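From just these sequences and the hints, can you work out the full model?
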Amino acid sequence: MKKVLSIILALLMLSLPLCMSASAMSTTLLVDNAELLSSTENTEISKQLAEISEKYSCDVVIFTTEEGEADGDGDYAEELYGELSYEDSDNACILLVDMGSRKWEYYGRGLAHKAVNEDGFNYLADKFEPLLSEGEYYDAFSAFIDGCDELFEMAENGKPYTEPFSFCISFFVALAIGIVLAFIVTAVMKGQLKSVRSKADARDYVVDGSFKLTENRNIFLYRNVSRVVKPQSNSSSNGRSFSSGGGASKGGGSF
Amino acid sequence: MAVLQEYKCPCCGGAIEFNTTVQKMKCPYCDTEFEMDVLKEYDDALKNEPTDDMTWDTTPGTEWSEGEDENLASYVCQSCGGEIVCDSTTAATSCPYCDNPVVMMGKVSGMLKPDYVIPFKLDKKAAKEKYLSHIKGKTLLPKLFKDQNHIDEIKGVYVPVWLFGADTDSHIRYKATRSRTWSDSKYIYTETSHYAAIRGGEIGFAQVPVDGSEKMDDTLMESIEPFDFKEAVDFQTAYLAGYLADRYDVDAESSIERANQRIKFSAEEAFRQTVTGFATVTTESSSVALKNSEAKYALYPVWLLNTTYNGKKYTFAMNGQTGKFVGDLPMDKGAFFRWFFGIGAVASAVSFAAMYIIYLLS
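Each protein sequence line maps, in turn, to chains P and V.
Under the working numbering, the residue at position 152 of the first sequence is numbered 155, and the numbers go up by one with no gaps.
Under the working numbering, the residue at position 233 of the second sequence is numbered 1257, and the numbers go up by one with no gaps.
By construction, these hints were calculated from the structure, which means they are not laboratory data.
None of these values were measured; they are calculated from a predicted model.
Take these hints with a grain of salt, some might be off.
Simulated restraints on C-beta separations [stated by the list, open to error]:
#1 P:Asp142 with V:Ile1212: 40 to 48 Å
#2 P:Glu86 with V:Thr1205: 49 to 57 Å
#3 V:Arg1362 with P:Ala203: 33 to 41 Å
#4 V:Ile1382 with P:Glu159: 23 to 31 Å
#5 P:Met157 with V:Ile1381: 19 to 27 Å
Think of the CB as a built atom: it goes at the ideal place given N, C-alpha and C, for glycine as much as any other residue.
If you want it as structure tokens, here you go:
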């Protein structure tokens, strides 16, 4: 009887981790259509994705393709996000790598939105984008997962990532402000010393009531149209784009 | 005999051709298209533009009548050569322009009698007060300059001016543009419509003054304008008592160019006010013709103060009628750099602190 009970207990213990990861595995967390990873690497990345998804109850998905439809603004990743079924559709993120257009896109909701603000987005991208460019896809995806882990943890602790205060840049910006302000104030002071100016007009000597308009016509000559590229309001540094709103963070870049 | 009509592009000035594809006149250089009627109207407007006619009837001043100038004495500055005239009861000792001693030459000769004079309305005391007020509150003025007392050297001088007055017929063409902007998902479009705004009419000017003294800086004299000619009176030598009068050494003919510049500029500005509803308006051509022109010779009252600081001459002038006081002041370079670096350092420190606080708060 003891032997039977210990076998049942062992089976229960073995099935427990499977049950725990069931929610994370309800969606395939790694879809490598572009075949960037070997089978070993595929298994390892899938395992890392499952772990982080389970740790934060937030599905982290990596999707690779060769379609060339991504343009780096996050729209394609958003579309894909809608097509995939998540355990919790309002708490997940996707990294899309498109080998056709050499663009990557990110789309995240819930914790993946809270954690990946503009600063977090750039921090994350700085981790994996250079590796994508070098063709180190396994390392890039690992770096992405590690980055998500760091950002999610900070967000869960109530302190989402913010870029560290740059003393050097701030010093030079403050110096430039000081110089411009000093220049304006001293120019005003110098202007107080000058009062001799020539008078180009004779308006003080116009005879009252002498102005009479006898000819008044406007001839339309021609028109021309010029156009300039509309600046992207959601642009970010390093040639990336990022936008946040509606409970989601999205963006992308090139590699 | 047929005449070949050639139109110039209002946009770039190139010769325009008829384009059979668009059935319009099109400039082969800038690709701008024009309606035929528009070009004809514009061309007619260009052809009918008159040219400037700014000639003056200049017979200002009058000859002295018998015995009228007997009470006037003439002095010459040995340094700048300026000739000063004053009442025989007034003793002139130094030149009002360069402060050097003057020498009495005797009676006035070869000088026109002024038509008008605006008598001094403000006295030396008022001029002193204005000078003190002028140097007050100037942060970069050298302390040494402030401390030196120059105010007793202020002199009242009647400065000779030529007064030009005329009715004008003006014809002005302005280049005007109107813009509208719209955008789609990728581009911002700006459509600019170009117009020729043609204005014509009359405007009159009276007593436009031009400095008739070479020693008196023209810019300084213009800076203390305007003078109110309504208070001018016919010239009488009695008005010179107690003051110096400069004898003109720039004649009326030589002063016409400056009067024309000011009158033409003001005519263009006055008609420009009627070109409304456009984003930009620039004068493209203008012609002014004078009618009923006349020039007069007058003496205008000016309080003058000359001083030298660090080897450089500084002249101050006050309108003896209105009290307007002008004169460029020297700058303390040490104070300038102290203020510049002081403000720069404080503003930089405050900006840096503000950026750090904003970072902490965000």
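Discussion item. Run through the hints listed earlier and report the numbers of any the structure violates, in increasing order.
Written reply: Of the numbered hints, just 2 does not hold.
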